[in-house]
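Protein chains in written order, with numbering that gives the first Met the number 0: chain A, 0 to 290; chain B, 0 to 445.
Simulated from the structure, these hints should not be mistaken for lab results.
Treat the hints with care, as some may be off.
Said to hold, decoys possible - Think about it this way: if two alpha-carbon atoms lie no more than 27 Å apart in a straight line, the pair counts; the simulated DSSO-like pairs of lysine-lysine are:
| id | chain 1 | residue 1 | chain 2 | residue 2 |
| --- | --- | --- | --- | --- |
| 1 | B | K65 | A | K41 |
| 2 | B | K280 | A | K41 |
| 3 | B | K258 | B | K392 |
| 4 | B | K280 | B | K322 |
| 5 | B | K65 | B | K372 |
| 6 | B | K302 | A | K41 |
| 7 | A | K122 | B | K302 |
| 8 | A | K41 | B | K392 |
| 9 | A | K41 | B | K97 |
| 10 | B | K97 | B | K82 |
| 11 | B | K308 | B | K280 |
| 12 | A | K61 | B | K240 |
| 13 | B | K385 | A | K61 |
| 14 | A | K122 | A | K95 |
Unchecked claim - Not close to chain B: a few residues of chain A, all C-beta gaps over 12 Å, as computed:
| id | residue |
| --- | --- |
| 15 | I75 |
| 16 | L87 |
| 17 | S90 |
| 18 | A186 |
Nothing here was measured: the structure is a model prediction, and the numbers come from that model.
Beta carbons: idealized from backbone N, C-alpha and C, even for Gly.
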Amino acid sequence: MKKKKRISLTFYAMVIPMAILFFIFHTIPFLQGVFYSFTDWKGYGTWNLVGLRNYTHIFSDKNIYSSYLFTFKLAICATILVNVIGLLIASGLNAKIKCRNVLKAIYFIPYMLGTLIISFVFKFVFSNILPMVGEQLGIEALRLNILGTNQAWIGVLFVTVWQSLAFNVLIYLAGLQTVDQDIYEAANLDGAVGFKRFMKITFPLIAPFFTINMVLSARGYLMAFDQVMAMTDGGPGTLTTTISVLIYKKGFSGGQFAYQSANAVMMFVVIVVISIIQLKVLDKREETING
Amino acid sequence: MKVIKKAIVLCLSFTLVCSTLTGCGSKNNNNKKSNTTEKTTSAEGNSSSTEEESSLSGKIELFSTKTENSMILQTLADKYTEKNPNVTITINAPAEAKTVLTTRMTKGDMPDIIAMGGDTTYTEVQSAGMLEDLSNEGFVSNIQESYMSMVYDVNKDKEQVAYGIPYATNASGILYNEDLFAKAGVEVPTTWDEFVQVIEKLKAAGIQPFELTFADAWTCLPTWNSLAPDLAAENFNDERKAGNVSFGATAEFTELLQKYIQIMNYAQTDFMGTTYDDGNKAFANGEAAMMINGNWAISEFKKTNPDIKVNMFAFPGTNDTNKNYVTSGVDVLFTISNQSKHIDIAKDFIAFMIEQENASQYIEDQFAFSAVKGVEQSNITVAGVKADIASGKVANFPDHYYPSGFDLSAILSEFALNYMNGMADDENITATLKNCDEQYDATNVD
């Protein structure tokens, strides 16, 4: 008979307390949220179970439809931009250039500042500084605060990309540093240089990091909240209302607590599905590249 | 490597996605407890003792949903406890007061006196059956009837019972720069036609007529709030709730939005991108002659320019001067919890607050208006609406009657955006009113 290996209790002591706290403060409220999505609770007072009414209502709600549309637009654009620019910057920083560490620090600053602070700063830039510059230089396009126009989402996108770039750069940089220098030397001998080397050698080798970045960015942007609240509050009109903003605004101040809980559950399912699809597709890609 | 990576990604995703739901769940409370309201008011019999002040003793808590007024409430409470040495009053005016109050409500731990706005928060507490009926108190007759009826209107099923005593009120209309009006040689208009002439003259004199601040969507509301009571039929809100009428099919709302467009025609170029703060600064520095907002903005102007000569007048929405109401709502409403152990002290304290001297002291400190008969705001910055308010020529903010999920400010912001994008006015108005009806019906169901 195989002898069971005794596992030290220390490991459990490290994990269990956090697991209990996590369960109490995270999992239970989550399950409660799911439960309330089947009721008509307004956030106070009495409530009744209403079955799937909230869920069926979601599909005929114009606000929810438009918020999903906007959220996907933002998430797709931001994911692409962040990954392309992030990879470019990381490749640059990985080369032996001067002031590399200073540049790394500079690129990482936006990540250390909170999204809210950055958003308020950019709100000021968009509403005061840029229009002033436009006025001085006579550039018509800059005279209007972009956050008050149809293009408000570009302002939101810009801040989102700028803020989250650092984290992606960091992961790509870590990935690039795992690539063995010997491989590059071998590639050089075989005549793979520059862009060709990047596409044929570097990129396949950091594929797992690409997967992580894609999944984390997509998930993060699908839940964009802080920057929208700080910069546009979902406006003008409802142009920049993301799903999270809609849930917050209508759920807390709009008396639609239960209904928006249902929306939150929906969003949870959607994001899980998207993440799994991404993992599946990208994993397959990794296999074909590496295998 | 791959398994670990997958696990990390999934865990992170799960954790962060959950956080949206966590936010919702954390507000959960045991709401079953809130139904224990059968408890009869044991102190009812003692209410005759209001004259023998010294006999009162006990500790009460005064909860205010406005952090801005905690100082003046403290001053007045100190004055009260000086006369009633055996009474202690604790003032509690937390941030996020509404959330705190709902939480305490569900826990059955209500403050003795709650001072709140005459809005949905009041309706929530009142419809939960947690407030003392104050109809039989003598001081009710000292309150202006127009404000009393605003309270009845927001009671559940419009019950004609005074669960709350209106104390301080606010006013919304047109804030104007007296110097710029003098410079353009115009007088305060009282009808819509005069108003249009004033706007034209200001423009001709090279003065920007309006400063609008639609980057903060809520500032789209005051224009609607001022025009709607002037134009729409008095029972519109009830009829709309019952589904008998619609915004789209009511000609007055088309007129309202036409007038709204005329206002936007005379605003600064980037009104969609101007924030409330920036607009207040610009107005305080004399960059525009008028702003459409309430008395609460005055103290903001004074911060930028202490010397600004600002005054207010009622929005002249129609050519019938009798219909041009000042938009005014109840800002502070005193209510007493029916679970309080010291209902007699609470009632006595409210009676004390309503005394002319104390009510005056309060509104002077707050730039507000009083719901108490005979107490007038003497500050010159609001002189233009003083008479209307004192005579009760006021209409409540119509959005106090809309369902709380009906986000009118977003709809109006979209309307303004369409205007900016050059959409034809008729098309824009039709689309906006249709949007109003759709959104209203969507929220009215739940």
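| In ascending order, which of the hints set out earlier in this document are inconsistent with the structure? | When the structure is compared with the hints, numbers 2, 4, 6, 8, 10, 13, 14 turn out to be violated.
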